[in-house]
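Colleague: What follows is the residue order along each chain.
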Amino acid sequence: MRVLVIGAGPAGTRCAVRIAERLPGTEIVLAGAESALPYDRIALSKVLEGRAEVGDIITHPVGVLRAKGIAYRPATRIVALDCVGRAAVTEKGERVGYDACVIATGSRAARLPLPGADLPGVLLYRDLSDVLAMRRAAMAGGPAVVIGGGLLGLEAAAGLAHAGMKVTVIHAVDWPMERQLDAEAGAMLARRLGARGIRFAMPAKTAAIAGDGRAEAVLLADGTRIPARLVVMSVGIRPETGLAAAAGLAMARGIVVDDQMRTSDPAVFAIGECAEHGGKLIGLVAPALEQAEIAAEAIAGGATAWAPRTDSAALKVSGTAVWSAGEIAPADAEVVTLRDEGTDAYRRFWLREGRLVGAVLYGDTDDSGFYLNLITSGCSVAPFRAALAMGPAYVKVAA
Amino acid sequence: MPARAAISATCTEVEATRTTCPYCGVGCGVLARPDGTVAGDPEHPANFGRLCSKGAALGETIDLPGRLLYPEVGGKRASWDAALDAVAEGFSRALRQGGPDSTALYVSGQLLTEDYYAANKFAKGFLGTANIDSNSRLCMASSVAAHRRAFGEDIVPAVYADLEQADLVTLVGSNLAWCHPVLHQRLMAAKAARPQMRIVVVDPRVTATCAGADLHLPLAPGSDVALFAAVLARCADAGFAAPGMEDALAVARGIDPGLTGLAPDAIATFCDWFARTEKSVTLWSQGVNQSGAGTDKANAIINCHILTERIGKPGASPFSITGQPNAMGGREVGALANTLAAHLDWSVPAEVAALRDAWGAPNLAMGPGLKAVDLFRALGAGTIGALWVMATNPAVSLPDGDGVRAALKRAPFLVVSDCTRESDTVDAAHVRLPALGWGEKDGTVTNSERVISRQRAFLPRGGEARPDWWAVAQVAKRLGFGEAFAWDGPAAIFREHAALTALVPESRRAFDISGLAEISDADYAAMPPTRWPVASRGAPGERLAPAARFIPTPYRGLAQPGAPLTLLTGRLRDQWHMMTRTGPLPRLMAQAPEPELTLHPDDAAGIADGALVRLGNAQGSAVLRARLDAGQRRGSCFAPMHWTARFCVGARVNAAVLPVVDPISGQPELKGAAVAITRYVADWQGFVLAGAALDLPAAWMARSPMPGGVWRHEVAGEGDATAAFAALRAALPETTGHWAVLEDAVLGLHRAVLLREARVIAVVCLARASDEVPRRDWLAALMAEEGITLAERRCLLAGEAAEGPPPSPTLCACHGVTVGRIEAAILDGAEDVAAVGAATKAGTGCGACRPEIAAILARAPVPA
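Here the protein sequences come in this chain order: A and B. For the first sequence, numbering that gives the first Met the number 0 assigns the number 398 to the last residue and increments by one with no breaks. For the second sequence, numbering that gives the first Met the number 0 assigns the number 863 to the last residue and increments by one with no breaks.
Since the hints were derived computationally from the structure, they do not count as laboratory data. It is possible that part of the hints are untrue.
Calculated Cβ distances over 12 Å to all of chain B for the following chain A residues [said to hold, decoys possible]:
1. 51
2. 58
3. 212
4. 326
5. 332
6. 342
7. 344
8. 381
Chain A is faced by these chain B residues, among others (derived, beta-carbon under 7 Å) [said to hold, decoys possible]:
9. 211
10. 214
11. 215
12. 680
13. 738
14. 742
15. 743
16. 745
17. 746
18. 747
19. 748
Pairwise CB distance ranges, derived in the manner of DEER restraints [claimed, not checked]:
20. B:827 to A:193: 53 to 59 Å
21. A:172 to B:707: 22 to 28 Å
22. A:195 to B:757: 49 to 55 Å
23. B:707 to A:340: 32 to 38 Å
24. B:757 to A:306: 53 to 59 Å
25. B:734 to A:222: 56 to 62 Å
26. B:721 to A:306: 55 to 61 Å
27. A:20 to B:827: 57 to 63 Å
28. B:834 to A:340: 45 to 51 Å
29. A:52 to B:757: 36 to 42 Å
30. A:207 to B:788: 35 to 41 Å
31. A:193 to B:757: 23 to 29 Å
Think of the CB as a built atom: it goes at the ideal place given N, C-alpha and C, for glycine as much as any other residue.
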């Protein structure tokens, strides 16, 4: 059997490896658009901060892939998919036939349609090449602006600050990571990052990027001008679905898949950020890896259904641990708060009908798995509610 | 002088001063050193070296927090001259405007005899009013009245040794184990030596005293007369007869023993024991006295002893025990509104005339004045123009507490002499006079067995504090009576007092200490404990067997009718009166850190153990923590009388006690208020731990010290808990530090810990119910530490360590032993109180906790 995996990100690589393990002897082609070996995208911030080099984040050296019978094709962009002929066409015109195909093209970073958005010195924060470009820019120091105070934007800001740049984060709402954090945790995070030299302009709207031949400043809607030798846009991601759409696969915002991650073509699967399951896209690595496992199993003849788990998110900036899961600050939920100003630790929980529906951990995220389980399982926390915030050591539930 | 006089008042080799404990009426001898170390005086006849938990802690109370050290006029510090001028002016104004009876003194069983004497002489002799009453009115006025009715004079026939020599000791209305612990220890030792000795406890409640008793008679509150009527009848049936018994016996036979609510066989057993036991001592205390029928109760007891001719014989006597250290001294000098001086009596014209001459007091008051309750009623009605309160806190101790507080606030001129500034009564004073504290005073006290002991100074006077007698003399001088108050020290006063006791020899008063009237200053300084009468030098008194007469005692029930429960009040083991001295000591506060109301579970009506309850009636109310105890008699409840607004806002039980008094003695019925119990619906309750005693924004608050300088504040209130939580945190004096906070508004859970570096500075915990707040003792212990570990920090808001044994309350105050350690020792095989003591030291100090250790042993599971 021939399997083609399009996209060598974490999901695509995981899927290829699992297929190789389950179906020895299968001809597996793993086609990646980037020239690098499969790497840990989550660890890009380490590279940015200079705490890791490219080699350190490679997850699958070519020898390992080869030993598993996976033909890794770096810098191989697939430009067309012939579902009828069961073959993909590379940028260079090469046809790669398949019995089963897995699309794992992920997403691309959104670029704001701002005046000056195309100027040199304006970067996105998505892949290794973006990060290496940012590192090069940072070496010269000076002011930088990160547009977008989400998870990735803050990672970028922290990395640039660590590398010696004077960073301002421009964020549209009152506190950073508003999708993952409530206002208080967001404020704590902004304070912590502020102590590390990162300034915040929020709430603020970016109007334009100014510069003569290259980015020199960011202009805010209120007229403020923030000098910037480097501008990083981190304002969200869009599923990378062009290939699938052109091939005529059923599309919504992403590539529509069933519980086995199968697209409208039974021979074609889609996993990760490009796939849309039950009307929902995913944006985190953990469910993407789960989907990779599900697709591999389906190709191997299994039929396990993927059930979306509660999203949880963790910010990985050295010296700052932030984790959240479930619903953040829903208006109709009951609130439990634990706060230690001295150690800058904070936990907030949202409950509905005696069940944990959302949690934010700031500072000490050791118990995140415990809370994720409570949210996912939907079990009643009423019997130990008073001790809930203290963590599993204090929750004595009859087994 | 007896041989003991040769012993110096100070034991030179240890530099200890022989003095007397300032607490209860046992009057134990104490060896005290200026560094605060105290020990029982092995040579004192009251205690032979023993001390109770309070006495053993005396050294720790020398540094009284909130001491009043300087005179104050109008709330401002003043010189003694200015303050005394103000007092003189206030009293002369009242004399001018309203005459002698618009002036009054309210004094205390805490005064030394010499202070008492000076105050009484000043009031009755020179102000010309008998409006001087003592807080002893609340303590043993009924016994005084009963003694005077039966013996014609206020005479206590017995001595402590009688308790050891008796074959039957009946304790009536006396929780001797807690209220007179050293006497109880002597009794227990005697019982251990002679197990055939029988002890009967007559008390509506199961108290710690019951642990050592052969029979407990949980009679209905106030029904003592019915029980002793039955005893009298049974004794007569057994053949005892005495002249004059007919009326009393007829009345007794007409009383239904069933009024006691006791089982007929229990009554029969007791009557039998009493009738058959020649050596029988009946000891009573406030359970008898603090009653609308207190005098009749005491006479009902005395009647039984008259009939069986058991008065003043070895091991056979009625025996009234006083609550205060010098109630007896007050009785001796006559510092009560209905007594004159030195057992002299207004009803004997020759005695009045002799006293007038002796004092040189032409204005001598010619009849009884206002007793305590009436005195404060008059104050409230505006007929008292000047009042001088000494060493007592009527704002808390009197019935109708709210009315008394209002009267004090309205007083036209109020002088308060006290050693503490921290008293609800001192707050209201126009002039505050700093009195000497224990260890600074010099004079005499008389204990319950008529032994006069010296209280000697072993400390320098605090600030500008002066003796009360001196302040009285100075005011008298300013009013023009200087000549009659020209004493140069307490010895001179004592001599004058002693001389009065033989003023009218033909009266043949038993109280005659004229043998001491010529005592030299040096002999007074060295005076050993001396029992009166002392008609001549070197002939100290022994038992007294006065001629006695029967008093018919018709049955009267409680004077406060209505509502479902009868409120009994009383003392705690480790507290003294209004807690001024004992309250600030953590190990004395540990037994009962907040005011509790003990209820029988059947009367709880759904109120849970540990819930806050309001007890009250039409007159007033108080909020306390409910403690359910099957040892409480159904239909009654018990609350300690110690709590003042200083330590607990809203727990003054006397607010709900009506000012009804015994018609003969004027003693208020402090045990017997009719109250209803309702759940105190607090929207939030919990505690605040801080490094100081704080005023906190809470409708109900109980403060108590904990080890390590921590103050615990139990709080409760109504309204929004989140707002209350914020207000409590804002009320803390600390401004620096970091808060660790846990909040669950829907659950009503609010916890906060203030930390500075790794040190716990304060804790605030609120919840809906009392059992939802974490352990105070564990958190307080962390506060006492230099710093806490990171692991402990994580546990702070949980209020417990994730693992390990929970903290445990202290039981043995002397050695700081917790219930947990005692239980562990029992688990390790300690089978009796002695073994627990050997393993943990618990119960080996004052011994007052031994009954409670026995109770833990009793409920401990038998090892398999």
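Colleague: Give a verdict on every hint.
Modeller: Comparing the hints with the structure gives:
no., hint, result
1, 51, "holds (29 Å)"
2, 58, "holds (35 Å)"
3, 212, "holds (50 Å)"
4, 326, "holds (16 Å)"
5, 332, "violated (10 Å)"
6, 342, "violated (7 Å)"
7, 344, "violated (8 Å)"
8, 381, "violated (9 Å)"
9, 211, "violated (42 Å)"
10, 214, "violated (47 Å)"
11, 215, "violated (42 Å)"
12, 680, "violated (21 Å)"
13, 738, "holds (5 Å)"
14, 742, "holds (5 Å)"
15, 743, "holds (4 Å)"
16, 745, "holds (4 Å)"
17, 746, "holds (6 Å)"
18, 747, "violated (10 Å)"
19, 748, "holds (6 Å)"
20, B:827 to A:193: 53 to 59 Å, "holds (58 Å)"
21, A:172 to B:707: 22 to 28 Å, "violated (48 Å)"
22, A:195 to B:757: 49 to 55 Å, "violated (24 Å)"
23, B:707 to A:340: 32 to 38 Å, "violated (24 Å)"
24, B:757 to A:306: 53 to 59 Å, "violated (45 Å)"
25, B:734 to A:222: 56 to 62 Å, "violated (41 Å)"
26, B:721 to A:306: 55 to 61 Å, "violated (39 Å)"
27, A:20 to B:827: 57 to 63 Å, "holds (60 Å)"
28, B:834 to A:340: 45 to 51 Å, "holds (50 Å)"
29, A:52 to B:757: 36 to 42 Å, "holds (39 Å)"
30, A:207 to B:788: 35 to 41 Å, "violated (54 Å)"
31, A:193 to B:757: 23 to 29 Å, "holds (26 Å)"
Figure legend: structure checked against the earlier numbered hints; hints not met, in rising order: 5, 6, 7, 8, 9, 10, 11, 12, 18, 21, 22, 23, 24, 25, 26 and 30.
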